[in-house]
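Protein chains in written order, with numbering that gives the first Met the number 0: chain Z, 0 to 186; chain L, 0 to 417.
Keep in mind the hints are simulated off the structure, nothing from the lab. One thing to keep in mind: the hints can contain errors.
List time: in silico DMTMM-like cross-link candidates among lysine to aspartate or glutamate, alpha-carbon distance up to 20 Å [as the list claims (entries may be wrong)]: (1) Z:K41 / L:D39; (2) Z:K41 / L:E30; (3) Z:K40 / L:D296; (4) L:K212 / L:D296; (5) Z:K40 / Z:E19; (6) L:K344 / Z:E103; (7) Z:K153 / Z:E48; (8) Z:K163 / Z:D138; (9) Z:K104 / Z:E152; (10) Z:K40 / L:E30; (11) Z:K153 / Z:E103; (12) Z:K153 / Z:D66; (13) L:K168 / L:E247; (14) Z:K100 / Z:D138.
According to the in silico footprint, chain L covers these stretches of chain Z (three or more CB under 8 Å from chain L) [said to hold, decoys possible]: (15) 57 to 66; (16) 97 to 110.
Derived CB-CB ranges, DEER-like [as the list claims (entries may be wrong)]: (17) L:L41 / Z:E67: 43 to 51 Å; (18) Z:G16 / L:A56: 45 to 53 Å; (19) Z:E67 / L:K60: 53 to 61 Å; (20) L:D73 / Z:K14: 49 to 57 Å; (21) Z:M147 / L:A13: 53 to 61 Å; (22) L:L355 / Z:G28: 30 to 38 Å; (23) L:Q213 / Z:T43: 45 to 53 Å.
Remember, it's a predicted structure, so these values are computed and weren't measured experimentally. Glycine is no exception: its CB is placed at the ideal position from the N, C-alpha and C atoms.
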Amino acid sequence: MPIADKDVTWVDSPKLGLFEQLYLPLIIGGLTTTLSHMVGKKRTESYPEQEPTMPANYRGVHRLNRDENGRTKCVACYMCATACPAHCIDIVAAPAPEGWKDREKYPETFVIDELRCIYCGMCEEACPVDAIELTTLYDLTGLSREQMIFDKEKLLSVFDQTTKAGTDPVRTRAGDLGPASEAPPRT
Amino acid sequence: MIAFDWLTLLIVIAGVIAVVMPTVGYLTLAERKVSAWVQDRLGPNRVGPFGLLQPLADGGKFFLKEAPIPRHVDKIFFLLAPAVSMAIALVALAVVPWGGTQPPPDPVATQGVEPAAVVQQYADTQGGYAKSFNGVIVPGLDVGVLVVFALGSLAVYGVILGGWSSDNKYSLLGSLRSSAQIISYEIPLGMSVVGVLLFSGTLNLEGIIQWQKQHGWFVLFQPLAFLLFMVSVYAECNRLPFDLPEAEQELVGGYLTEYGSLNFGMFMLGEYTHMITTSLLMTVVFWGGWSLFGLEDRVTDPIWGAVVKCLILVTKTGFFLFLYLLVRWTIPRFRFDQLMGLAWKVMIPLSLLHLLAVMLVRQYSLSNWVLTAISVGLFLAAGVYAVAFGTGPNNAPRRRVISSPSPPVGEGLGVRGS
Ligand code: SF4
Ligand code: SF4
């Protein structure tokens, strides 16, 4: 829709009055503002001593959720690996062990390359059973590339760690999604 | 020629350098701290308690870093420029008082006196003066103010040399801007001080302090001159809002572009030393130097008296240094035409009119307070003039603005009137 001439308002810069033309009052006003900020409250977080509180939807390190029996919830459906734009999820599915009545498959290995990951959260969106989630852990470090490739055990331990610390309650919509998505154990 | 004690002189020089160099270091820390505080941050606080050792770390880094010299530069001048810049800034420091001073004795009268007596009297007064303690490296310099100005404008040589020898268009532009700026602001700078000199009758900085001690600070009588002086000095020091020669956002650092490590450090040292010198100068010329309404004379003990005077002067100077830092984080940079406009259209006419007023007041021996009223009046009149005849902020578009007729609705994308 083109803009008609009558819709255009031409704005001239406002004319300066005596007060503005004298410069000094406004400069003093500016100096007062900066001075008040100088003595005002500081907003810096001194990081290593003072940990920031992350918003609940922060996308940090992944975790694999456990169900109430302590098993991984993942049903090895490959949805996350398919959705992942960075192709950094590597799953090897295997038939579920005897006695796991609620599913046919489980992941024998589940590996995420945390260096290739772009922390987009697509895997979390894609998962039909809320088995994979991104936590608020932000200070991820490693001494080698190998250390940054997280396997199933490591991802499950992230779950244990974050639920114990209480920083990341499981965001699952328990039961809404399918038979395997029950509420997690409360620890 | 006054014979001074060489040993004392050397000690004083060493003392001043030993105080000024760390001050420069801590000025850089203060700059970063002030900038952080103004922006609600904490500033550098990792090296030592409250970051107080940061200047040491910075200095160490300057020494240890590789000094890159690009292949295309003119090597001799490239290396000379920072040295010139720093040396001149340090030399200018020699004539500015930093403590209690007394003016040199007046010349002795020769009319109708025995020649031998004249010689004796001269030797006495000069000898007495040479023995008295003066808080300045070169006491009794009768061209004091002129020397400071001469050296201050020499400082631009470092900038121009640096920019030109760098063989880089950003550097060259920066140094060209610098020369244009300093030439323009030298005029109001000098002119605002002439008013002071007409009153004090001496170029000697100690003499100027002495006059203010007897009659009152010049800032009371010539506030307009002080204002002009301060603005010009900010421009001389390349400080915001006049830091166009460096202008990181436009010129990637201007004349400093090709410099690194210690060469860069020397430029910075020169610049901050210049800030200290000019702050001292503002204090000495307009704010009474070491005098504080006679309070400093209450301390009769000579040593403590010197300490107190030095402290008074340093406190006043510290205030101006702080103002330098605060203004930097308050006022944005001028555009270059605005910068030139301010100098040539506002400050030079104002300083001329002010000088005229000073002459009239001197000629007709009016009260000094008349001058204060004239200063305020001139300031207000300039504002009124700007409102009545000024073109407002010079931000109008350079081209004629037309709106193109809009095409009938539904004919592809419309063209906005621009
Ligand atoms: S966050 Fe994005 S990039 Fe990382 S594993 Fe999940 S889908 Fe892949
Ligand atoms: S984590 Fe979720 S999406 Fe990925 S394979 Fe397991 S169940 Fe499927």
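Check: Failing hints, ascending?
Finding: The structure conflicts with hints 3, 5, 6, 7, 11, 14, 15 and 16, although it agrees with all the remaining ones.
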